[in-house]
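Peer 1: Whenever a hint applies, use it, and build me the whole structure from the sequences.
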Amino acid sequence: MTTYKAFILAIVTTLAFFTHLPVQAAEMLRVVASFSILADMAKRVGGDKATVRALVGYDGDSHVYQPSPDDAKAVARADVMVINGLKFEGWLERLIKSAEYEGPVVVATDGARLLEVEDDHGEDHSKTGQHSHDHGLSDPHAWHDLRNAEVYVRNIARGFSHADPGNTRFYGANADAYVMEIRSLEAEFRPRISALPADRRRVITTHGAFGYFARAYGITFRAPVGMSTESEASARDMAKLVRQIQKESIAAVFVENITDGRLLRQIATETGAVIGGTLYSDALSGLDGPASTYLDMMRHNLRTIIGALGS
Amino acid sequence: MTPMEFLIDPFIEFAFMRRALAASLAISVGCAPLGVILILRRMSLTGDAMTHALLPGVAVAFLLTGFSLPAMVLGGFITGLTVAWFSGAVARSTVLREDASLAAFYLISLALGVLIVSSKGSSVDLMHVLFGTVLAVDDTALFIVATIATLSVLTLAVIYRALVVECFDPTFLASVQGRGALVHMAFLTLLVLNLVGGFTALGTLMVVGIMMLPAAAARFWAVEVGRLMVWSVAVAVVASVAGLLVSYHAGLPSGPAIILSAGVICGFSMAFGPRGSLWTRWRTAPHFVR
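Top line first, the protein sequences correspond to chains A and B. Be aware that the first sequence starts at 1, since it is given in this note's numbering, and climbs by one per residue. Be aware that the second sequence starts at 312, since it is given in this note's numbering, and climbs by one per residue.
No lab work stands behind these hints: they were computed from the structure. Treat the hints with care, since some could be wrong.
[What the hints assert, rightly or not] Okay, the calculated beta carbon distance ranges per label pair:
id: 1; chain 1: A; residue 1: Thr-269; chain 2: B; residue 2: Leu-318; range: 53 to 61 Å
id: 2; chain 1: A; residue 1: Glu-93; chain 2: B; residue 2: Leu-589; range: 51 to 59 Å
id: 3; chain 1: A; residue 1: Arg-303; chain 2: B; residue 2: Asp-450; range: 23 to 31 Å
id: 4; chain 1: A; residue 1: Asp-110; chain 2: B; residue 2: Val-549; range: 54 to 62 Å
id: 5; chain 1: A; residue 1: Glu-248; chain 2: B; residue 2: Ala-411; range: 53 to 61 Å
id: 6; chain 1: A; residue 1: Glu-248; chain 2: B; residue 2: Arg-329; range: 21 to 29 Å
id: 7; chain 1: B; residue 1: Phe-454; chain 2: A; residue 2: Glu-102; range: 53 to 61 Å
id: 8; chain 1: A; residue 1: Ala-198; chain 2: B; residue 2: Ile-323; range: 29 to 37 Å
For clarity, every value in this text was computed on a predicted model and none was experimentally measured. Where a beta carbon is used, it is the ideal one built from N, C-alpha and C, also for glycine.
Peer 2: Set out below in structure tokens:
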């Protein structure tokens, strides 16, 4: 009889041990963010109470990302997911389903001031009067406006508080401090951007990610005509672009971190436009790079643009 | 638009068109004659296989130096030579034939290259960065391609006789001079040099396409090796100019446009060329065709 009792006791203690495990682990909030910029924000809000993993890492391209089994595992074990939304991470829905993740998903762009997608082909969708809730038509790169970053941070803090109510005040305080930093960056650069001469406010980048930046600071971003990351350029497109730069008096051409800069460099030598350096758009640079955090990225982009257009 | 404007204006107006033209002409002169030798030796697929084999060296050089074209060319050259040398050595000393051993070594090298590219821990399409495009030829790329073309033509002139003999009768050359292996190695070195220069500056499709398609087309216009080479260069030059013009006027990607132009010439030659084409075979009796 005693052996029987000991056996039951053993089972009960084992069960207790196992049921206790998640509680222990839950002390650190497990956060999976879809890409590096969100991960950086989540780290700032989560502080030492959260472990944050980014699915698309530094210098990665969210548009062509392929999830690994490791990523699926991380998603399955997450307490909170942070995503940008607006179809920025098209692959994520399938990943969440296949990993059988059923926890909360923080959509960082909820409530942000959104921008309708500018159509490259000349058709104008912006006059259809649809509100920003129509996600198919909104530009997802909303973090390039510092005022939207505040919305991102608040959404993340709210999501964390729901998932881990015990630390609500902690997340709230972190978010407040972070928002203060965002605002002071905005206050530092806005006057300097406004001081740029009006005839030098047109630039070209390879990646159409800067719609929000353009709206916030009154800089016109032109895409190189007919060139995408995927397709190979034709000589006609190159010729059009060279003419476009000359006709529209484009002041600077920026090479992005995720696309081949060779074409742009060629165009810059041809037209005499300034090569403005690298703007970071969809991913942070590595830790030793100039844009290892979201705030550093914004500071770097603002400085780079001011540097090129002020010269 | 007058025909002259159609043909000349793009090159007058745009520097990138002139650079693209210069680079494709250089690669035509350097690569097309090598293609002729490859076809004669029944090694037509070697060029394609070798471009894959170059990947690890190019990738390592890229990861070490950032983006330095000379370093990438050097890296690719070293791996390419290693693969060529190993597959040659294995073919000569084991039961494995040359094509099989090349297949083995290029696949090993390719796998290694993909591994290195992926180990960068980022999903950026490194391949996209590693391969050049015809429209983005900068001074360095142009210099590299032109240097390689010059070297290639000069070296080919020196080893030409021995190479041709080796193509048709390897045992003869080995018996009189014992230099067969040396000539073969010199040829492989040239091949690797051209491939690596071409693919970092202009892209894989460009370099392999310009190497093989004009050579295949030339086969229907001439018999003697020297003439085959002249024909192949001529076809490559015409295809380069035509492809760039098509790309400019019709808005098609330049690399594929050039290679498809070569393809059209090749197809035409297969059908109507004076030597062993479909037409000559149809015209003459089914027997006694050379």
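Peer 1: Would you mind marking each hint as holding or not holding in the structure?
Peer 2: A quick look at each hint next to the structure:
1. Separated by about 24 Å at the C-beta atoms, Thr-269 of chain A and Leu-318 of chain B break the suggested range of 53 to 61 Å.
2. Distance hint check: the CB atoms of Glu-93 of chain A and Leu-589 of chain B are about 54 Å apart, consistent with the given range 51 to 59 Å.
3. At roughly 29 Å, the beta carbons of Arg-303 of chain A and Asp-450 of chain B sit within the given window of 23 to 31 Å.
4. Judged by the Cβ atoms, the range 54 to 62 Å given for Asp-110 of chain A and Val-549 of chain B holds: they are separated by roughly 59 Å.
5. Look at Glu-248 of chain A against Ala-411 of chain B: about 58 Å separates their beta carbons, and that is inside 53 to 61 Å.
6. One distance hint, 21 to 29 Å for the beta-carbon pair Glu-248 of chain A and Arg-329 of chain B, holds here, with the actual separation near 24 Å.
7. Roughly 59 Å separates the CB atoms of Phe-454 of chain B and Glu-102 of chain A, a value that falls within the hinted 53 to 61 Å.
8. The given range of 29 to 37 Å is respected by Ala-198 of chain A and Ile-323 of chain B, whose C-beta atoms sit roughly 34 Å from each other.
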